[in-house]
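Trainee: First to last, the sequence lines map onto chains W and G. Under the numbering used here, the final residue of the first sequence carries the number 242; numbering is consecutive throughout. Under the numbering used here, the final residue of the second sequence carries the number 1328; numbering is consecutive throughout.
Among the clues, some could well be false.
[Said to hold, decoys possible] Restraint-style ranges between C-beta atoms, simulated for each label pair:
#: 1; chain 1: W; residue 1: 236; chain 2: G; residue 2: 1024; range: 23 to 29 Å
#: 2; chain 1: W; residue 1: 217; chain 2: G; residue 2: 1039; range: 55 to 61 Å
#: 3; chain 1: G; residue 1: 1054; chain 2: W; residue 2: 1; range: 36 to 42 Å
#: 4; chain 1: W; residue 1: 221; chain 2: G; residue 2: 1073; range: 41 to 47 Å
#: 5; chain 1: W; residue 1: 36; chain 2: G; residue 2: 1119; range: 55 to 61 Å
#: 6; chain 1: W; residue 1: 237; chain 2: G; residue 2: 1024; range: 25 to 31 Å
These aren't lab readings, by the way, just hints derived from the structure by calculation. Note that the coordinates shown come from a computational prediction; the quantities given were computed from them, not determined experimentally. For glycine and all other residues, C-beta sits at the position ideal for the given N, C-alpha and C.
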Amino acid sequence: MLDYIRLEVRRTLRDKGFVIFGIGMPVLMYVLMTNIGAGPGGAGMEWKITSMVGMAAYGALGAAVGTGTGVAEDKHLGWLRQLRITPLSPIRVVVGRGLTGSVTVLPAIAAVLLVGALVNGVRMPAWQWAALVGLLWVGTAPFTLLGLGNGYRLSSQSTGVVNTGCMLLLSILGGLWFPAELFPGWLRSLSSWTPGNRFAELGRSVTQGGAPGLGTVAVLAAWLALFGGYAVYAYRRAARTV
Amino acid sequence: MTLTTGPVSAARKADGAAAVGFSGVTRSYGAVRAVDGLDLEIAAGETVALLGRNGAGKSTTINMLLGLLPPSSGTVRLFGGAPEAAVQAGKVGAMLQDGKPIPRVTVRELISFVAATYPHPMDVTEALELAGLGEFGGRRVDRLSGGQAQRVRFAVALAGNPELLVLDEPTAALDVEARRAFWRSMRAYARRGNTILFSTHYLEEADEHADRIVVIDGGRVVADGSGEAIKRRAGGALVSFDLAGAASEPLPGLPGVSAVEIRGDRALLRTADSDATVVALAELGLVRGLQVAPASLEDAFLALTSARTAPHGTAFDAADALSAKEIA
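This is chain W alone, in the form it adopts within the complex:
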């Protein structure tokens, strides 16, 4: 299975679309949002940190959901069928693909945080950086499952569209681009129940020196269960035809 993960990670990192849009885009947006239009004297440190977490979360979310787009592509090419006639068991293929997703979210997280530290001068104790990376990494699990579910259930073309749509919706609604505090009241309360928002909250709590609240973890766990169930359902349905 390690070989499979290595193969898939390699394929993902060689994907120019992934590198440009998955890693370059969040970095670029972070730089723009914290340096342009911020008025004389630039943006405050608080916004630099909030936006750093938001953009790292956005990049990670995109990479996680994108894993499913890759699955749909493989399904379309007949590669999933080919894998089924190797001794690699179906469960290892699915788990391997999920773990691949968890590896490919790291470059986006690392890139945005690096820019935060080097360009925007964000300073935090080492444990906070480590915890931030760790939490953002673990927190992508629901999105990987959502992407995989779409990838197994839908055709190659529609998966790309649906996954991109999911990513944008969850990112914007979750307040990863613009803080949810700027939303009107009803949207703000809706936002706090979305997985994107709670995902970023995992990271934000660390930057404020605390641990994520129980509510945040509970909401994310609920989304994890929901998307996990969806992925299992989609895979079972697809297994009949792939």
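Start from chain W and add chain G according to the hints.
Mentor: Then chain G, alone, in the frame of chain W:
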């Protein structure tokens, strides 16, 4: 119901686990029966061609064989167990018809990965050589031509050094040269004692490269044996001569004749016994520009498979109907 001919099938041993065993297998897609009561046994070490026209049920049969598709009824066994078990044990390698190699990996990376999933894989360099990819190892799979990509799929099938190699229309995208090289490699692999099943709708390929041909049509086996045996089945030879104004009425009644066609002034007789037919023609004084040709495998194939689907109205209907009756 099934017509079994030739020494190969007679020589097949009843004891021991066959490499492949289908018994009473059916598979329906909604109201359509793609496979309709298939019985087939392939002994270890045989090279078998699964011959049929498009839609005859070849790919459905292969998908069931590989455990990709459960049969609607009946059982499929590989090496005495369930197909999934044989696949898990690394005994099976396959080249699927609709498979395309995945992008953004090199040929060697891909083949190495597949090989590593098997317990006793082939050396990667050897697999690449055997598939005719020796010089393309470092090339990205998505930057290969159609023929080269087809060879990659062959290498994927070979990589695990499987006992049973299944090839679904393996030469579809290959030019003549590549085709020849492909069959050379396949034979080399067969000589190592491996079992090979390939599907094709090219008759010559089946005749030249398989020990045994299994003709399927309408989801069942309609003939099973060597190429020679199948040619014999379809009614021996074609006898043709110039009528030169003679009446054609007595011709269908001549010994051995199963069908008559008149083309201009030339008569073509399909006959099961060309000697008897020619003697009878001589007695009638009809030996003018006489030619006796063996029925081609193509004739045999058409005779065996046209019963259900071919449009009627040709002079060879009689032969078709006859074969159909015998088969049914």
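Trainee: Are the hints correct? Go through all of them and say.
Mentor: Results for each hint:
no.	hint	verdict
1	W:236 with G:1024: 23 to 29 Å	holds, 28 Å
2	W:217 with G:1039: 55 to 61 Å	holds, 59 Å
3	G:1054 with W:1: 36 to 42 Å	holds, 38 Å
4	W:221 with G:1073: 41 to 47 Å	holds, 44 Å
5	W:36 with G:1119: 55 to 61 Å	holds, 58 Å
6	W:237 with G:1024: 25 to 31 Å	holds, 28 Å
Going through the hint list in order, the structure satisfies each hint without exception.
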